[in-house]
Amino acid sequence: MFSQIFILSPRGDTIINRDFRSDLPKSTPETFFRQAKTYSGDANPLFTVDCIQFAHIKRGGLYIVGTSRFNLQPAMSLELLDRLAKEIKDFCGVINEEVLRKNFILIYEILDESFDFGYPQLMATEQIKPLIVNDPIQPQPDSVMNSLRPKIQTFNIFVPNTIGSQAVQRSVLNKNQANEIFVDIYEKLNVLFNSSAYVINQSIEGCIQMTSFLQGNPPLKLALNDDLQIGRQQGQYSAGVILDDCNFHECVNANELDMNKTLRIQPPDGQFVVMNYRISGDYAAPFRLFPIIEEISSSKIEVTIKLKACFDAKIIASYATIRIPIPKQTANAYTELVKNAQQETAEYDSNKKMVEWQIKKLNGGQERSLKIKLTLQATQTAHTARKEIGPIAMNFEIPMFNVSRLQIKYLRIEERGNTTNPHRWVRYITQSSSYVCRI
Amino acid sequence: MSRPSASTSSSSRSSRSRYGKEVKELQDALNQNKIESKRDAIRKIIDAMTRGKDVSMLFPDVAKNMETSNLELKKLVYLYIINYAKIMPDLAVMAVNSFRKDARDKTNPFLRALAIRTMGCIRVKLITEYLLDPLKESIKDEDSYVRKTAAICISKLYDVSPELIEEQGLLKLLENLLNDGNAMVVANAVCALLIVQESKGTTMLQLNPYTIQKILTAMNECNEWGVIYCLDALAMYIPEDGKEAEAILERVSPRLNHNNPGVVLSACKIMMKFLDYLQNPETIRQNALKMTAPLISLLSLGKEPEIQYVALKNINLIIQKRPIIIEKDIKVFFCNFNDPIYIKLQKLEVLSKLANNDNIQQILHELKEYTQEVDVEFVRKSVRTIGRCAIKLEKAAEKCVTALWECLKTKVNYVVMESIIVIRDIFRKYPRKYEMILKDLCENLKSIEDPEAKASMIWIIGEYVDTIENADSLLGNFSENFKDEPANVQHQILVAVMKLFLQRPNDGKELIHNLLKTATIECENPDLRDRAYIYWRMLSTDPELAKKIVFTERPTISDSSYTIENELLDKLIENIGNLSSVYTKKPESFVKKLRDVLNSKIADKIDDVYDQDQLMEGRPEDYSDQQGGSSNINENNYETSSQIQSQIQQSQVQQVTQKIDLLDLDENQPQQQQSQQQQQQQQLPTQQIQQPNQFQNIKIPFAEVLNSNTPGSQAQIQGLQIEAAFQKYGDKIVLDLKFTNKTQDKTFSAFGIKFNKNPFKLQPDAIEIQCQPVFPGSTQIAQSSINTNGPALEEPPQMPYKIQVALKTNLDVFYIFIPMSLSVLFSNTASITQQKFIELSQAQNMARKQEVLQIQIDPLKMKEKLERNYFFLIGVRKDERGVELLSYAATLVNGMPLLVNVIHTPTAINLQLQVPHPTLMPLLYQAIGFILTLN
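Order-wise, the sequence lines are chains A and B. If you're matching positions, the first sequence starts at 1 in the UniProt record's numbering and goes up one per residue. If you're matching positions, the second sequence starts at 1 in the UniProt record's numbering and goes up one per residue.
Chain B with its partners taken away, still in its complex shape (with noise of 0.2 Å):
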């Protein structure tokens, strides 16, 4: 047995010896026969080991004394054998009699509580197989406080060894507590089966008119963590129309005056979800306001500002989705003096939000007074508050723009140089509008250090340089030090500087030769040397297009970029109350298994060892979407690592087997098709016995995609006929192309290929096509492995789905159409759970539609073909009318779910569609025409 103080410290021989004396003198007097002396015995040992001592060589002593009548002594006991029974599995089955017979004892229900709860605790499979039948009993105990601790036990053993609880029927008896005549024992219920259903990921909680009834009955007579539990199982109802929404609404809404902040969020979350399903605005307008006092309540009343933090960010999300419920009362959210800093800034946000034309004077005022505080975050948020309600309210703009006029005026370093960075924002906004403050805004130059103020300053100096009458020596000074200044700042002044020469050519003469010169010789910044050279090339050819071209117009700016976009925001007003809403982030962005934890950090460390390169080429295509707006920053943030992580691990066995066909590619010969072909065909089947868990996909047949008779681009040739198809083998996408010359005399070879910018950002991981010569006559066959990684065009896919692809031959190029059926860009990864599902069919943004094929095929068939091209079963179940809807879920490779509800009928299949986008609805029956007919 292991003993801590030899492993952990070199300390000297006594210490040791006196531990084994302590030892010895617990195992004493635990084997003693007064109560008391074993009492203090275990005391002490339970201290040392909460003290992360290791006492388990005790584990023999302190389990004999489990058979006491002591309950204190018992209870002492158990805590020590939780602690013990995992890493001494063998000696914890000692502890089963006694737990199953306390757990019958027929006199004390505490004690029968007592031992099922710690039979639950003991996480040792071994162990669960002795407790399931003193388990069943106490399902249906007498006592309902024995009842509530067997609900939950039923879910911590289902952690522990699932398929021994689903084979032993307990699920079962658990859904049957939801009958229980006491509110606890049911909420307990509800607990334990949303606790399952996450682990399981399919449906356990059956919620029909019927069991809600049940849920609401409980909500109203159990404690309030059970109603907490009730309304997150209410939470995750659809209802069927909305005249149940209103009823059910109407149960919900007098838990809103609630003291547990908890119980109003939860109920606010679901007032948030039900209103979408009422019709009649007046019903809304009146439910919707029950939530107003409530919310504000959140934020007073003594609360932790912790608390307040949790409910102004879930006001943030509130009022973005329904104003109306926070309109009037604009007062609440005005900062404090005493507020901790994370408040002051969360209301501002919701400030900003508020702001309209009627109360802007008010809040101008307010945020007026923000900026003389002294905390320098605070007030630079206020400044960047003012202006973001200048830009946001058009009438408003102009006294948002004296308020800021003022705040140059203080002088105060931090408040101007943040003004002048709102102020450029305003200029972009309403171009020349607000001239009058450019002399204010000169005059600051001196304190300007803020590289972003300062780019904003250049900025506006380069954009009124024919109404700054200095503004070429203003920009001389600046340029001055333009090697020293970072990037965005140089950036500025070059612009600025060429703004200042085309219109006044005689004064910013000398000066953009100057700044040219240095920025093309002695720059080191490629972006910036680059234009540098077009600036002068354009001066030299056309000043005239030159000055068009720096001066074209702008797309205008807004408010909007602090939104949150719909779909996130739906997502979020589900996650009401909890972290998500807070982060405002995807649940699945933070929220992982501690086994993926592990797993990723070992898939980690093994691809720092493998390929660095992969690693690094997802990085710029994640800059490059958020560049694209700042509204895409919020759907960045929840890729989460593990995402990324299954592409790159993806693209490696890519590369892997793309080594391996090419190898065989290459010890073909030309001239033996056939016998090429028949290799390729064998090849298959190899490759799936090398990779067993791979999935064998359908094959879509080869379309002609050029014709013999079409010349190439330069109409150089023509003769050369195409016919290609994309595959999935595996987990990655190939293109197969066929390639037949039907010259007479030429030989096409020096096969290239690429791909047009496409929804789906797919392109080819090598230009090069690995291809033989294809001489006059014959044909050859060539693979091109496609990847995702390539540039995105941001248009949905139309129907037919057709990419647009350059292929080059030594000849000449030919522009080619590729269909592509959606199959091929199911991800492999089985990322949607049956709860994801569900919420996904709950959600606003989806496109849905009815389709009937009609073709017979026989369910299980259906599904084995649907799950070969990753399209997962997802669950099954009954309607109403009893018939069996069985839901199948897909997702693209670029993360977008595609869900069916596939009814069987004996002459066809239905099938409910739900695609994010419309026109993703015929591809995706297509594909499934394609899945379930060929092959």
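If we strip away everything but chain A, and leave its shape as in the complex, we get (with noise of 0.2 Å):
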């Protein structure tokens, strides 16, 4: 397994090192850095250099670095190092150089307790727990430091715009906290239209995810509909929810998942994805394109694109962002919103040939559309420039609302007695992976 495991800044400086098996250069984190540098986007997760196996990921714009010279599993090495992040998170709270740099020591106790020898030992934010001994330290807030750094991502899958949360950066070491437990119901949207707004493709990826504060973990009963069914058979058709796979956190027991649509939990501290799934069947796309392409004239070309919103007009959708590439021989493009048009926009960006047109805010039934005037370079015909319109993309997030019906009935703590109710807050929230419209 991992010879090392280091944390290096965006610029390269070392913040951890911690070499478990002395068998590779004390310069392996230049040659990594130098390595990755020469890449033009982001670096490829694994390469080797000179017979050392280097496995990466980026969490808050810092390199977490595996390195080894065997024939390591490249799978299990991210999914480590994915959970080292969520260790030091669970932990301090955020990930940003300044924590790193303050809770460094910290953070070596975190890699002793999680790593022994470079091969991984406990990784549950609540088994260390007991095992630590220093305390986070907090970066000041006001500081002038932290104020000029760029606004750091976490390193969250799901990281919706639309509702805040309490419980994503906090730390589980907090003394004083709320007993209290949020359950967010993700699901992610794959939808390929053709251009007569018929689905070709579709699929849901979601799943459960938990943030626990509850105090002494308490063992959980979470019952998902009534209707639930795992697996597909060929050709079958009902009326309930169904799932074609999931799987589960180790510390959820789902034996009673087929008969009572049960799931047994022993919460561990922080957060964890109880449940994935995922849905390949027919369901109901919550938004429908409808793109019309007209040659004017030679050199002018017309599209209008109709949006539709087929929810329940309760729910509200947000940051809707359509994409539009162009032909490349555009010389201009004029974009018409219908009048009156609010928090809408749309712009042309003539370096990428790519029309934006944003939506903050759409209610369920509501229409809207776009039109854009394109006028040609003189060196293509309209009639071959169309070819280059499409595919549209389309992004959004629609908040309390998730297309497979997919439903927590309840959620209850299983010891009697326990009169301390825990606060559960749960939400669901719908985003788009890939939704996209061909033309």
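Mixed in with the good hints, there may be bad ones.
Chain A is faced by these chain B residues, among others (derived, beta-carbon under 8 Å) [stated by the list, open to error]:
no.	residue
1	N223
2	I228
3	L579
FYI, nobody ran anything at the bench for these hints, they're computed from the structure. Only a predicted model underlies this, so the values are computations on that prediction, with no experimental measurement involved. Note that beta-carbon positions come from the ideal geometry of N, C-alpha and C, so glycine has one too.
Dock chain one against chain two, each of which comes alone in its own frame, and use the hints as you go.
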């Protein structure tokens, strides 16, 4: 497994460097950084230099790197680094250079409990919590340095823009914490339409994620829809929620899932994904796009895009962004929104040859439309240029809505006689993953 | 004590003194009584240490604080000591007592574990000895946390001083931990045993039904990383029969639903491996299908693209071995708009593997969409995938061609160019079937820039000169820039114009004339020039024959070039989830010990000074192998540089020693045969003295290869008797020759030798044999050094294995067959480790056979004899009945492994032979017979 684990700043300074096996040269972090910088974009997560295998992930601008000279398991290695990042985040609240520099002793402690001789040992926050003696040092919030730094992205897979959560930036070591638990149901949608708004391919990737601050980590019982079914038979149609496949965190006992649709959970501290699931069947796509392309003349094209929100009027989608690539030979493009359009913008980026249409808020049932008038350069005719339009890609987020209808019926603490009822926060969020319409 | 600031910078004195002042301050803080000030000081020190500053001069001050009862401070001190113990072993000994005390602390198990863990990190032999006693105690500690730490600690110390660990019987204690009641301890023991196994090279983790049960039980209870250790251990097990394999699969398959991709892939590895042991097709099908959903889930479920990439690479291997696993779910492999490019390219790879007559319509529709995207690399690969489908599926070829036709019509430069390359292959596979697209092809000539596309287009024109009316003017245009084109385009122009002339002599007459002239006079590329000359001569002698040659039938092509050879595939399947499967290379090709890397670097330097020609010699050979077929490419990749290195070194040794031999021979007078023979016999032992490390090989007896009654090839002379034998001296192969002149009046001299192509690529270093003239009635002995860089014969060796040799003399040429014992071809580098042996012995494609050798020999004697001939003892194990099984292995010069399990019985020895090719079987048997009986 790993020979070393080191964490480098965006400029390549070593913040943490733990050598487990002493079988690699001392200059390995430099070797890594030099190689990582040769990539034009983000470096390949796995590469080999001089028979040293490097696996790395990037979190909060920092490189978290594991090295080895063996035939390591890349999936496991990347997962390990990700877990390590999660642990650090659980302890420190956030991951960024300043926090890591302040807490480097704590991080060495975490590393030593998590790995022995480079082999993973205990990697669950609540297991190593009793073994850690250092307290986290929070960065001063109003320090000048802090405000100068760019806003740092948290490592979480799902970062909703809509609903902020108190759970996100808190340390599990915070002693006087509230007795509460956050449950999020995230769904990411993949939809591919053809030009007549007919769905070619669609799937949902979802997960149930918890962030637990429950005191004493009591066992929980989570109940899902009664009509839940796991595994799809060929050609079967059912009114219920059918998951093609799902998998669970190791703290979850799913033996009763088939029978009672319940999961028994021994929640660890901090953030964890209770269950991942995948649905490939038909579902009603929340948005439909209707593109119309007209050749006005040999050098002019008009593109009209209608967008329809096909969900309940009470639900509001936010941050919908639609990107329309237009021909490279475009000389000019004018965008035209409906009159009195509110919280809506459409811009043409002449460098990228792309029109970006943003809608801040969109209620269910509403329709919007955009007209783009293109003037082409003389070198290309409208007839050939129209093929270069599209595909249209859409990004959005719909809070308090999920497409699969998977629901949490209840979440209970299993122990009887537990008087203090913890706060339970349940959120549903639907996001686009790849939402594309071909023209 | 060195201070880095002094050595690294020439900065002013003030900074140096400031540095000194800082050190002083830290020292003071450390010597105070307040815990806080000490803690802050050590924090500062460790901070400096992390940033690469040398703070080793503070070692005594820091180490003093070890015996604190404050856990936080203690951890800090430990952290410091781990880092500097190696460079200050003398001072580190000071810390030993404190460690020993902590390790025996009665109250706090965490403290005991901390001490054990930290001690293991101090990689100093001197200190290791002090740690053995507390370590032995901690293995039996009442607390599982301590025991699990102790298990790993043993593997750590084994890395530092293996002898000591073995002497003290710690490995035995480690094995005992497999019986521990705590799952985590068992998992760590498994892990530690695997670590030791890897560095030791012999089996440490004895896998039998009993331990397998232990591991399976532990797997149910330990955490996910423990599960991975257990799964990896299980993957090494060879089940007794299908029933056992099925039972284990039953236990393993629930792990597929884990959300840790590492666990899923490790479980898949076992599934794939054990499916081979099941007999019932229905059971196989059911078990195989269990993998489908989890593998597909790796591609989604919010997994990082990196993980998806690893999964796709593995799926690619898995479906090649068992296509049933992913048959229906092709939609999953359709590219998403936002997939990174490396994912998209892998998905195309999988799609082309999944394509069949039922789903081709759907796949083609997707691929056509992809050809309109912006990313050039993706578009080109999409076009290429359409072509692959056409070649793979004959029934769907027409649909694919239609799709490509549409691509041509887009007029997008790179799409057109890629389409042309692909269409060339389709025309080759289905000649004269899709002529309707020729017109559109010919319309796109101007936009072609890429040399490969250009060459393809010209080839197409040449192929269809009779159909394309204006072929002569098209080719004429291409010929105008003939001199500036790259070699492959020039080549195609020449061939196409030749075809034009042969089919339509009137149109091509002038063109071919000019072209041949240019090619023969102005071209510098010898290949091209030679071809032009040949064409010229063919045309001037027999144009009809030329037509036959130029329009000869070509072998068909297939899609198999993208599949991985079975042997490599099996190897990669065993490495599912490892880097190997992602790189599609055998682990040996990129995993090397640091030592080896350093050594090879040093060796490189030596070689540079020594002999550049030898390095060059290795290359054309590699090249020719690649030419042999693209399926070989993978095989070539894993030839490690160290192997090549060792070959080169070997041949150098050959050269050097050869020179000595030649000198000796030169000194001999032809008349003194007796003394010469004696001298040669004496020479052998002296060689051994010079090279004490060299093994002493058996001497193969001479065989008569040419009877004195046999005339030479031109029937000019008879009367030469030749006896010959291939020998191994040290690590070089030598052909010993004995010439006897039975003529009355002729003298043989000027001997030369040449080998016919043979399976092991043997060839003499030099054609001339250094030998004195053989006068009538006399006998001469000569030697020729052999190397293995010759041309290869793509046929397995036959029994008896003989090499055809042409022997030239001043009077005639003789064609003779010289028998060869396989023992001469054993490579002298012991490259087969125990683990490799196990892997190989499980491999599906090895031929196996039982043989009995009716001789009585002492096992020790046998080992000694075999090892002298580079047949190495790999391990000894006992089977259920307690019969001792000795495993031997050797590698042939071409890298093929030979495995033998030996059971000694009082009257004979039983051999279980395993070789990669059945024809090697009798040869190996014979070679072992030679080694054990001769000498």
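Each hint, compared with the structure:
no. : hint : in the structure
1   : N223 : holds, 7 Å
2   : I228 : holds, 6 Å
3   : L579 : holds, 5 Å
Going through the hint list in order, the structure satisfies each hint without exception.
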